[in-house]
Amino acid sequence: MAGPAAMAQGQASDPENTMIITLKDGNVVIRLRPDLAPKHVAQIKTLVREGEYDNVAFHRVIPGFMAQTGDVQFGDMNEGFNPGRAGTGGSKLADIPAEFTVESFERGTVGMARSQNPNSANSQFFIMFDQGHFLNGQYTVFGEVVSGMEFVDNIKKGAQANNGSVSDPDRMIKVVIAADAQ
2 MAGPAAMAQG
12 QASDPENTMI
22 ITLKDGNVVI
32 RLRPDLAPKH
42 VAQIKTLVRE
52 GEYDNVAFHR
62 VIPGFMAQTG
72 DVQFGDMNEG
82 FNPGRAGTGG
92 SKLADIPAEF
102 TVESFERGTV
112 GMARSQNPNS
122 ANSQFFIMFD
132 QGHFLNGQYT
142 VFGEVVSGME
152 FVDNIKKGAQ
162 ANNGSVSDPD
172 RMIKVVIAAD
182 AQ
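Taken in order, the sequence shown gives residues 2 to 183; the numbers are from our numbering.
No lab work stands behind these hints: they were computed from the structure.
Hints may contain errors.
Unchecked claim - Dumping the calculated SDA-like pairs for lysine to any residue here, alpha-carbon to alpha-carbon at most 25 Å:
(1) K157 to F82
(2) K46 to I178
(3) K40 to K175
(4) K40 to N79
(5) K175 to P16
(6) K158 to G81
Construct the complete structure from the given sequences, taking the supplied hints into account.
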């Protein structure tokens, strides 16, 4: 079985801007888009390289819409996991100003989560299961899944009636930048 770096090599032309998320069923390879959101990509890469995303829960997963993760403050399922607060935290880094573009939210688009304040993105992000054009111009797009979307589809879902909150959620087991993978 090939390691994350070998798997990503043929799927992304820029290892420095390729993020690999290991899920329970396999690897998800994401092409990061510094051309669209340089500040968001820089912050994501910093958090990945610090190991902050390892073991972080997919705390909000809405069928037919998106899977949200990245709460490094309350979502780390090995250290400090708080299911009642997961989704309300961020990281020790500062919030990022919005970098909205005309890029459309489609299946596999990776966007930054935020509060009602457009400049409140920090560490949380989501992967789209389907198109979500109502998000266009309202949320920052910083990447797109280039392989492994079938593994994203297998993430445990929450109930729409409960805003997608997931009990006993799946997690990002390990997250690396392809350039750093061994």
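Structure-based check of all given hints:
| no. | hint | in the structure |
| --- | --- | --- |
| 1 | K157 to F82 | holds (17 Å) |
| 2 | K46 to I178 | holds (7 Å) |
| 3 | K40 to K175 | holds (22 Å) |
| 4 | K40 to N79 | violated (28 Å) |
| 5 | K175 to P16 | holds (17 Å) |
| 6 | K158 to G81 | holds (22 Å) |
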